[in-house]
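K.L.:
These two chains come separately, so use the hints to put the complex back together.
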Amino acid sequence: MRHPAILAAGVAVFGTIVAADVVAPSSVVFGDYGAVEMSLSGQPGDPVSGLAVMETKGSGNCVACHQISTSEAAFQGNVGPPLDGVGGRWSTEELRGIVANAKMVFPDSVMPSFYRVDGYTRPGDAFTGKAAAGELDPLLTAQQIEDVVAYLATLTD
Amino acid sequence: LAMSGAAAAQDAEARLVLNEETPMVTVADAPEHMADTGIRTIYSGWAFRTGTTQELQADDFINPAFLAVDEAIVAWDEVDGTAGESCANCHGDVEESMAGVRAVYPRWNEEAGELRTLAAQINNCRTEQMGAEPYKYDGSEMTAMEALISVQSRGMPVNVAIDGPVADIWEQGREMYYTRFGQLELSCANCHEQNYGNYIRADHLSQGQINGFPTYRLKQNALIQTQNRFRGCIRDTRAETYAVGSPEFDALELYVASRGNGLSVEGPAVRP
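Protein chains in written order, with the numbering used here: chain B, 987 to 1143; chain R, 4 to 275.
To be clear, the hints were calculated from the coordinates, so they are not data collected in a lab.
All C-beta atoms in this analysis are idealised placements derived from N, C-alpha and C, irrespective of residue type, glycine included.
Don't take each hint at face value.
Said to hold, decoys possible - With a cut-off of at most 20 Å between alpha-carbon atoms, the simulated EDC-like pairs for lysine to aspartate or glutamate come out as follows: (1) K1043(B) to D206(R); (2) K1116(B) to D1104(B); (3) K139(R) to D63(R); (4) K1089(B) to E1023(B); (5) K1043(B) to D1094(B); (6) K1089(B) to D1018(B); (7) K222(R) to E243(R); (8) K1043(B) to D239(R); (9) K222(R) to D63(R); (10) K1116(B) to D206(R); (11) K1043(B) to E1023(B); (12) K1116(B) to D239(R); (13) K1116(B) to D83(R); (14) K1043(B) to D1111(B); (15) K139(R) to D206(R).
Claimed, not checked - Derived coverage of chain B by chain R (criterion: at least 3 residues anywhere in the stretch with Cβ under 8 Å from a Cβ of chain R; other residues may be distant): (16) 1009-1023; (17) 1029-1041; (18) 1062-1075; (19) 1078-1086; (20) 1131-1143.
Only chain R is shown next, with the shape it has when bound in the complex (with noise of 0.2 Å):
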């Protein structure tokens, strides 16, 4: 059964230029590393979506991701936790100290020799630095902060390092990639890899790539993370998830954001 995704992605042709000035790469070549894939050209989960839903994304100010932006730009100032810290006491205008951070996330930290995403650093900072309480790692805190986080690396290309201390936390994340779970036996790269461009049942299926996480969706009316995506595919084949924060998700997530490197930061996007 021949299948030709990259004939299929909705709207390959089509270009996200954010807020009238800043254009976004959402289709690039595939990084090496993917080379015996079959996949020649990676899309943004953008491509696969259609009129309003793209047009949403592509103005900060009707995307309903901003909201919660705003929440976070708040709370980035607040005074929390026994330190008497906030984030800005440490890291100053989030616009300069966060530029860059999200399209290398997530990556590995030397001090501590473990791998952080996003939100394990966010929390490890609260916790650590401001003796406050970690948020819910999928709460709409925590999603907040992600996307003002992200925001500040729109436009940026995604560069997750894949060798050196992570290689082999990357490895595993790339065999959960291609295990078929649950009763319907179904891998990430069964729908996203081999049948992007397809349609399983209503939906479109994308490449299932997270440049653009955390992202708004229309349907739930509210800010998804990366690893509560992650765990709505793997219910979704019968399968018992992962908890979202566990080293099993992390390895899939880095592995997943590598197979993004090339494309631009996109988050916070929007989704139906």
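Pulled out of the complex, with its shape left as it was, chain B reads as follows (with noise of 0.2 Å):
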């Protein structure tokens, strides 16, 4: 339902073709059990990329919390649960909500919310230790959210 004159209209006022399509973080939907029907960036997902993304210290460190026992990242956290079996417990929608805003989920847990720019108490400028200067980006871009996604999706058993 996208109409080409407001995709024209997006890609004159942002300069760029990716930003018409990708919902930003104050504009995501979440349904009433945290689930997100529809894709952050529009675009499918690259489980590999969202391996990375997992394993990478600086971007999603996923690991740094949870264990997967097809990564091979070292010093795997436990403060979450393993998430081998993941993709056979939640649905793709689910697994986007769970990532893009982890709290609509599980009220109160100490997973941070990958996909969100506000609401923060004394918010950082990354790990400068400064305050942000500025509006803040999300942990992860929409394009990672929809990568991780995708790789939790193949982890089903």
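P.N.:
Set out below in structure tokens:
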């Protein structure tokens, strides 16, 4: 239902084609149980990139808190549950909701919200310890969320 | 998600005996004020460390912090500032005058009507009594002097007062401990109360006690000041930190210190 004219306007305003398709962090629609129906990037996710995001310090670094048997990342933490089989327990839409904002699914979770930009106490400028300069970027981009979700969906046993 | 931190403390059974003569209390009943935290037992950070790191702390001859302690022994006697005074001029033998001091800090200074951390007290003596420049709050001269003073209380139970004139400040510190800071929205409690004993990537989470401060960090080859550690932990939540020596960190230090009431003073401890 996207009109070519609106798309064109998006390109004109943002100067980038991607911007028109991406759901902004503040516009994500969560269902009653925290699921997110629509792709955040408008593109399919790539599971290989998703795993890289999850293993990389300074990126998703999900293995700081979760173990994944199929990952070879060193020092996988155990603050959260192992993610083995998670693609069997949750639908893609539910996984998208958990990764975008885990607190919509698990209230008070220690898991960070990876696609949110406001409502924080003393938000910093990344890991500098200084105050954030202007608006925050989400911890992961829309496409990174889709990539991670695509990888999680492969974890069926 | 049930996590039993108590069972997970790496080495709850191990005993720290200093220099083969002074037994240290590294495991104790939680102080009464922690009744509603769910924590029944408090553990020194030492209990979460492993082999060599633990051993380095048990013997002053190999504890790398003692180089700094030796430097502070020299500084203790040194005249500095416009008043022509040294610490020794007023306080005499450090082993006598400073015994038990570290165990009760931060504490209220009646005359000044303010809470003082050990670092603040040291600098107060430097500026007000000696007419000397203050040490940088978390600099190497300060951590060395803190270490020297801490040594005189090793083995004594931490016994920080939380009532009377400091009650409101303590309450402020407690609120900070449970505040979820930064873009990662993590509080001290999320990591050190809910998840001690668990691993966050390579890090074995302790209860975040400060009875071993200043601590010698092998990775940095340096003594680390209490509030410098607080700053690091808050920075790691992608938050804007507070400054060392700020009223906020003083309040937090009072509160965190009080969570260690009953553990032995261990500073200068050794950390990886």
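K.L.:
Next, verify each hint and record whether it holds.
P.N.:
Verification of the supplied hints:
A C-alpha spacing of about 13 Å is found between K1043(B) and D206(R), which places the hinted pair at or below 20 Å, so the restraint holds. Simply put, K1116(B) and D1104(B) have alpha-carbon atoms about 17 Å apart, close enough for the 20 Å limit, and the pair holds. At roughly 26 Å between alpha-carbon atoms, K139(R) and D63(R) are farther apart than 20 Å, so this suggested pair is violated. Taking the CA atoms of K1089(B) and E1023(B), the gap is near 17 Å; set against the 20 Å cutoff, the hint holds.
Between K1043(B) and D1094(B) the CA atoms are separated by roughly 24 Å; this puts the pair beyond 20 Å, and the hint is violated. For the given pair, K1089(B) sits about 12 Å from D1018(B) by alpha-carbon distance, which is consistent with the 20 Å threshold. Taken as a hint, the K222(R) and E243(R) pair is broken in the structure, with Cα atoms around 24 Å apart against an allowance of 20 Å. Pair hint K1043(B) plus D239(R) holds up; C-alpha atoms about 12 Å apart against a cutoff of 20 Å.
Between K222(R) and D63(R) the alpha-carbon distance is near 19 Å, which keeps this suggested pair within the 20 Å criterion. Between K1116(B) and D206(R) the CA atoms are separated by roughly 24 Å; this puts the pair beyond 20 Å, and the hint is violated. Simply put, K1043(B) and E1023(B) have alpha-carbon atoms about 28 Å apart, too far for the 20 Å limit, and the pair is violated. This hinted pair checks out: K1116(B) and D239(R) have alpha carbons roughly 11 Å apart, not beyond 20 Å.
Taken as a hint, the K1116(B) and D83(R) pair is broken in the structure, with Cα atoms around 35 Å apart against an allowance of 20 Å. With a C-alpha separation of about 17 Å, the suggested pair K1043(B) and D1111(B) falls inside the 20 Å cut-off, and the hint holds. A threshold of 20 Å between alpha carbons decides the hint, and for K139(R) with D206(R) the separation of about 29 Å lies outside it, so the pair is violated. Only residues whose C-beta sits within less than 8 Å of a C-beta in chain R count toward coverage, and the stretch 1009-1023 of chain B has 0 of them, not enough to reach three; the restraint is violated.
As drawn, the stretch 1029-1041 of chain B meets chain R at 0 residues by the rule of a beta-carbon pair under 8 Å; below three, the given contact is violated. Requiring three or more residues with a Cβ within less than 8 Å of a Cβ of chain R, the coverage given for the stretch 1062-1075 of chain B holds, as 6 such residues are present. Counting residues of the stretch 1078-1086 of chain B whose CB lies closer than 8 Å to any CB of chain R gives 0, so the stated coverage by that chain is violated, three being the minimum. Counting residues of the stretch 1131-1143 of chain B whose CB lies closer than 8 Å to any CB of chain R gives 0, which falls below the minimum of 3, so the coverage claim is violated.
Taken one by one, the earlier hints fail for this structure at numbers 3, 5, 7, 10, 11, 13, 15, 16, 17, 19 and 20, listed in ascending order.
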